[in-house]
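Peer 1: Using the sequences plus the hints, can you model the full thing?
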Amino acid sequence: MRSWSFFAIALSIGALLFALTLWVRNDYLFFAGYVVLQFVVLATAWNILGGYCGYVNFGSAAFFAIGVYSAVAANKLGSNPARFLPDFVASGLAPLLPLPIPVLMLIAGLAAGVVGFGMGYLTLRLRGVFFAIATLAMAVVLQTLIINWDFVGGSRGAYIVRPAKAALGPVAIGYIEYLFAIMLLLAVIALTIARLIERSRLGYGFASIRDDELAAEACGVPTLRLKLIATTISGALMGMAGAPFPFYIGYVEPAAAFGLPYAVNSIAMPMIGGTTSWVGPLLGALVLGSLQQIATVTISSAVNLLIVGVLLVGFVVIAPKGIVGLVEDWRHARAKP
Amino acid sequence: MGIPFELLINAVVAGVLLGGFYAAVTLGISISFGMLDVVNIAHPAFIILGSYIAYLLNLSFGLDPIIAALIMLPAFYVLGQVVYQIYHLSFERRGQDALRGLAFFFGLLFITEVVLILVFGVDYRYVEAPYIGPTWRLGFVDLPLRMLVPCLVSLLLVVVLQLLLTRTFFGRALKAVAQDQLALQLMAADPIRIKRMAFGVSIATACLAGAFLIIIQPVEPSVGRDYIGRVFAICVLGGMGSLPGTVIAAMLLGIVESLTATFYGPSWAPAVAFGFLLLTLAVRPAGILGR
Chain A
1 MRSWSFFAIA LSIGALLFAL TLWVRNDYLF FAGYVVLQFV VLATAWNILG
51 GYCGYVNFGS AAFFAIGVYS AVAANKLGSN PARFLPDFVA SGLAPLLPLP
101 IPVLMLIAGL AAGVVGFGMG YLTLRLRGVF FAIATLAMAV VLQTLIINWD
151 FVGGSRGAYI VRPAKAALGP VAIGYIEYLF AIMLLLAVIA LTIARLIERS
201 RLGYGFASIR DDELAAEACG VPTLRLKLIA TTISGALMGM AGAPFPFYIG
251 YVEPAAAFGL PYAVNSIAMP MIGGTTSWVG PLLGALVLGS LQQIATVTIS
301 SAVNLLIVGV LLVGFVVIAP KGIVGLVEDW RHARAKP
Chain B
1001 MGIPFELLIN AVVAGVLLGG FYAAVTLGIS ISFGMLDVVN IAHPAFIILG
1051 SYIAYLLNLS FGLDPIIAAL IMLPAFYVLG QVVYQIYHLS FERRGQDALR
1101 GLAFFFGLLF ITEVVLILVF GVDYRYVEAP YIGPTWRLGF VDLPLRMLVP
1151 CLVSLLLVVV LQLLLTRTFF GRALKAVAQD QLALQLMAAD PIRIKRMAFG
1201 VSIATACLAG AFLIIIQPVE PSVGRDYIGR VFAICVLGGM GSLPGTVIAA
1251 MLLGIVESLT ATFYGPSWAP AVAFGFLLLT LAVRPAGILG R
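In the order they appear, the protein sequences are chains A and B. First residue of the first sequence? That's 1 in our numbering, and the numbers climb one at a time after it. First residue of the second sequence? That's 1001 in our numbering, and the numbers climb one at a time after it.
Because the hints were derived from the structure by calculation, they are not lab data.
With the C-beta cut set under 8 angstroms, the calculated list includes, among others, these residues of chain A facing chain B:
#1 L126
#2 I133
#3 T144
#4 G309
#5 V316
Chain A is faced by these chain B residues, among others (derived, beta-carbon under 10 angstroms):
#6 D1037
#7 V1039
#8 F1104
#9 V1115
#10 R1225
#11 D1226
#12 A1233
#13 A1269
#14 A1271
#15 G1275
Ideal placement from N, C-alpha and C gives every residue a C-beta, glycine not left out.
Peer 2: This is the structure in structure tokens:
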């Protein structure tokens, strides 16, 4: 299947999903669905670097938070341009304001992409485990910077006022529906990108890095360039997933935006689903994300984190290839006799 | 503008005391990561677990936290052996890439934290001990006993471990495992058993470090995360598995952090450790006393 047709099909499935959720007319479904979709994007983005290239990124939360805080900063600038910007810039920008969420997402994607690009250079000297630890370190450094950055509220956090309605083309819809639709679109885009990478020369290059970086390098694979591409795409997608978050939640503070749950989830979901193809993170995010939503409502939010941890450990110990691997094994077993 | 001399000296002394504590925190990682190549990023979680156990024993029996930790040492040793056995069976023996092992420990870290939150809640807990309040004063230098006692006991721990590693069969076998596992096997020693014991020892140090931690500051379940960066920074800077190197690196980090906190404010201190780590990894991955 060509990528364009894949994109079209995924988009139509997305549209159908959106129509169905609208039809149910339950706001909670949008709130829960938004979170699940956000994790689909995060898991897919993590997998582009972690699953395809074999570089484990513990700093997903940092990229997510970069997205969150670029949106907060851009929104604050946009809400009162005369105060922060020189006059001619402010008057030039005025017709564009307030910045719509897709634009904020692009800004966030750009910022997170730049940081991702920088992280790519870390791989020059740091392989395997050391890279993973360095990403962890990077997350804490960034968190400290944000805590000490007063413009976006520092450790006090920042409030974002969410408009009541948004226009999706000619029709006005509730804001949460709007956010849901945007996240759905982003998820479709992320999955298409992941699938495109998987089936292109880029994907084979990534796989060669994952299997044996030294050998790949010796065979003339431009490893550094490929790794930079992977870290940039992965980072940018995570940032874009973070941008609508302040509008969803209404109030952000560093500890929440940099929360460990994001880092754990974006690792656990691909690991549980299966890291070798785009289906894995999608499956993992859908299963684990829905499970968490159910557990949050029925039991408690601490228990849902426990579920993630236990499933992650259980899967890496018992089923290293994830759900996708289990299904494949089952198919092979059935085909043999 | 000159920096007040007394403030500077006090900050450095506080840094040295802090460094002594950091050495205890890092010892376990120096053994597991430095010598065994087991990337135990869950180590800080075990430290927090140690803190809570010291807290419980202190609360119910009024035991001194350090004594409580000493009593719990064997339990942690066994816990470490169990964790290593699982790790070995699921990852090492299958020749699975280290990355899945990493995810395994990351999951363990997360599980421990969440379980502690479920059991104890997110309130800060602290212990009672006679040496927590008072401060010795040598001239203008402050020596809070709350910092001094953990620092001294921790240095004692380093000496004991160093003796264990250099003077006993176990220690020499451990060094041999780090160098050439196959050769040790040919000498009819079981490398897996040695590694299991060593991992047990490394988790046992976490128990003591946990007691120190709760003496130094009140503890809540997510405190451990701040230490992930510190322990790895110290371990790498110290030269991966060299105990004297670990102590030097720990003191260095303690001093730098203390100076930052004194002159720029405590909210910048965590970034220092991690900046330190990034710099070390980028510039001198072999550490100060690198092999």
